[in-house]
Amino acid sequence: MKNNKLKNTGVERVDWITVIVYLFFVVFGWMNIYSAAYDHAHPNIFDFSQEYGKQFIWIIVSFLIAILTLYVEGDFFNKFSIYIYGFFTLLLVLVLIVGKEVNGAKAWFGVGDFGIQPSEFSKIGVGLLLAKYIASSGAKFKTWKTRLVAAAIIGFPAGLILLQPDVGSVLTFVAFILVMYREGLSGNVLILGLGAIVFGVLSIVSGAGSINFPFVGEQSGVWLLILIVLLLGIIWWLYVRNFIVPRNRKPLYWIIATFVLASSLFSFSVSYIVDNVLEQHHKERIYVMLSLPVEREGADYNSEMAKITVGSGGFLGRGYLEGPMTQNNYVPEQWTDFIFSAVAEEWGFWGGTLIIGLFVFLIIRLINMAERQRSQFSRVYGYCVACIFFMHLLINVGMVIGLAPIIGIPLPFFSYGGSSLMGFTLLLFIMLRLDAERLSIFR
Amino acid sequence: MNLEGRRFTLILIVSIIGIIYMLRLLSLQVTTDKWQNKASALAEKEVIIYPSRGLIYDRKGRVLVTNQTVYDLMVLPRQVDPFDTSAFCQLVNLSIEELRTLLKKAVTYPNVRYKPSPIIKQITPPEYAAISEQLYKYPGFFGQPRTLRVYPQQIGALMLGDVGEVTKETIEDNPYYRRGDYIGLGGIEKAYEVELRGKRGVKYVFRDNLGIERNVAGGKLDSSAVEGTQLIATIDAELQRYGEKLMQNKRGCIVAIEPSTGEILALVSAPTYDPNLLVGRARGHNFNVLSRDVQKPLFNRATQAQYRPGSIFKLAQSLTALQVGAITPQTRIQCNRAIIGCHGSHSYDDLEMAIVHSCNPYFRGVMQRVVEGDRDKTNRFRDARLGLDIWQNYMKGFGFGTNLGTDIPNVKTGLVPGVAFYDKWYGEYQWAFSTIYSLSIGEGEMQVTPLQMCNLACIIANRGWYVSPHTVRQIGLGGRPRDEYLIRHQLPIDTSYFTNVVNAMEKVVGPGGTGGRAKLKNITVCGKTGTVQNEPREDHAVFICFAPKENPKIALSVYVENAGFGGTWSAPIASLMIEKFLNDSIADPAKEKRILDANFLHQ
Ligand SMILES: [Zn+2]
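Protein chains in written order, with numbering that gives the first Met the number 0: chain B, 0 to 442; chain R, 0 to 602.
Hints in this document: simulated from the structure, not taken from any laboratory.
We put the CB at the ideal spot given by N, CA and C, even for glycine.
Cut-off 35 Å, straight-line C-alpha distance, at most; resulting in silico cross-link-like pairs (DSBU-like, lysine-lysine):
1. Lys520(R) x Lys592(R)
2. Lys53(B) x Lys44(R)
3. Lys295(R) x Lys59(R)
4. Lys167(R) x Lys33(R)
5. Lys395(R) x Lys423(R)
6. Lys53(B) x Lys37(R)
7. Lys592(R) x Lys244(R)
8. Lys395(R) x Lys244(R)
9. Lys53(B) x Lys136(R)
Counterexamples of contact, computed for chain R against chain B with all Cβ distances above 12 Å:
10. Arg178
11. Asn287
12. Val293
13. Ile332
14. Tyr347
15. Pro535
Sequences are here, hints too, so could you generate the full structure?
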């Protein structure tokens, strides 16, 4: 038995294709950081005073983490998930107390020149604990209790991150809802979510303008949206009254009433929140994404520069180290969240498409990898990894190409930063380790 | 419920997002060049290579206008790093406040955050040498060489013209020009702007990661600068200088033209100024001073002042009358001083003597014959309309009321009143010869410029034709003038009729003539004096002439404002100019001294 286990958990069973994609991302990402952060006074890529030099250290550390992780028994992550979760959550508490404030958020532990961002690690803890909970309870999220427990596991660290405040990182926690969907959470969640996004966008767009209504004069455009919803409700009601058999009518009337009331209330509150609750710069970012007019000049600077930089690449790209926009640092701190714009400028459409394609490939491979797991723990965790990558791809690349608001989260393996690189490496390699020993695990 | 199937929902979502993002990349990068263009506008620097402006020489090869390199200190705001402002201010000799204002202007000027804009203009080479040594410490600042005009002869300010920065209106009208470009604003600089400016070159570069400026797209978009064309002007620098000297302390002008070619030998407008005043950083200040000067030095009297023609006009009247057959050279008319005043002792002159005596009743009679003819004695009003039309056409033939086709910018055309003019003034059929007879002696509504009067002298010198007066004889060294200056404009007047007029002009300068002071030994000068009434102030003294009588080499018109009788002041100036041009020496220093000492500025 012991002999058998050793044989089945060998590192040689690691999914090498994923490892190769990982290595490519890390090395290619590093090359692009070098290009984006290039300082001609420090041309050496190993110059540790520069971002690319530091990233090299993070890469070495990440490789060590990856190798070590591959040699830890998968069972460890299952058994100790609560402690890992607890440890990372504790860090989130600590960072609020002793953390260093950078750009208005208390998100960093400062260690000299280097900083650690615990929010990048907490997703691993959440993923492991969520997997453990689902696997051990067999939860299918049919009951309020299971939903609440899962919500607590996700919500506690998310709430701590929101206190920093770091809205971007919190948004990536939406990944876990996708995971829960796979494990049984009603699909209505996705439809509701999609509906909320559509209605939210409509409310913001209509709320940005004002319309001259008869009798009441100039009013926020949101009222027009609510008027349309009301009209839809009336048409629907007329349809039901005339074409549906009477005994089926009653529940439908309730649905219509709920739809009209809920969507009106939702539109109104979205518009209210955007106008009165959100801080000015958040409102501006949303407006910029939706191409709505922004009052303050320069509010759309980052978004505009990112789009120009991407567009500058053309089909074939300007060539490595030759992107005029990248080399002139038009996008501020391009080596962090906006690194994809450097890739797209210097490597062009084919380069950008390759990276997006490889991410999609990696995510689908992880989903398939998750599905082939014998243990539910491994499967759920696998989905967590896939969905976290997906959320980062969705938000980060969307932001660079102007399809999502400016939300500062890193592009996995590409963006400069030790915490994110180490965090994503650990996240991925735990899954690779679990996958490597899947044959030895019996349900 | 088949939960395993849900994996495909998730895979589908991921794939759809992937495809949407790729399509978005396609739309940003491939299907439009909107974003590429924006990137070029931002990141690529357009380095303009200014060609040096063409030099201008005089007809004998002396340099009239040359160039001097100066430097504009430019700033590219986005490349500026925090720097030691006090050291910088000391270096460029500015106060910190001034620097702050200039930098702020450079940043806030629309769309220049990404384009270099000048903060200090026209730094002289020695000043710039000191600055450039230190400039490496201040990224974002650099020197842009520019050329300024220099006028080594210090003469011919209005004729040569000046150069200044283009105005916003010019940029809007003419897409060649950009903010900060120089353009010719007057004289030859303006008339030959396209030839002189050359062609601006442009180089597109961006700073690569080694800090080296590299060509965008391998230099395929670049264009090289073409140097401005050199010009040979028609003027004789020494004659021009001499004319300016003779006209010192006077208001007025001298126009000298070579009759056979229409080349302007000198174009003096007095008072004049050193053209170097309107160059460089002092330009703005000096321009204000000159434009406020009561003597109006910026007003080109030779081409823009419009005077009544005075007695000299009798020459054109004579030729017209001979051609239309109103008179013959032998026609005598009584000097009837009851109708119009006259002077001197004569009573019944023929044409030649009437010109010599400038007999007013004679020319009143001449014009009456021209205008009324013998068409219809019953209706003087209709006669006058027909006659004046004929007369006006002849006057236009002499170049009056036209710009003469000259290359000098902003010339005035003067006025030859015709039927339309008097109809408007008096009403149709409300005027007859008796209403307009003062035209006959060069008074009344007619207006001419000194350039036109000199051209009249050329026509008589050539016995019937002229070439449009022009200021450039070679475009490019060894080149030709503009095509229109190779054409002779022939007047519809028989050459034989000029003989009497020329003879009369010779007598004007001869013993007892009104232009006696223009007489020269060994050179036969033909001239005509004139006085332009200028109530209530002193008359303007006018003289036109050409010399020598046969095969004339120079024709002149000389105006001295408020100097009185033309023969007293303008005739000797003309003769000194002829002497200077033909002999290069002055035989009678007393004559010269008398002119140099005269001062009519405060008449
Ligand atoms: Zn008389």
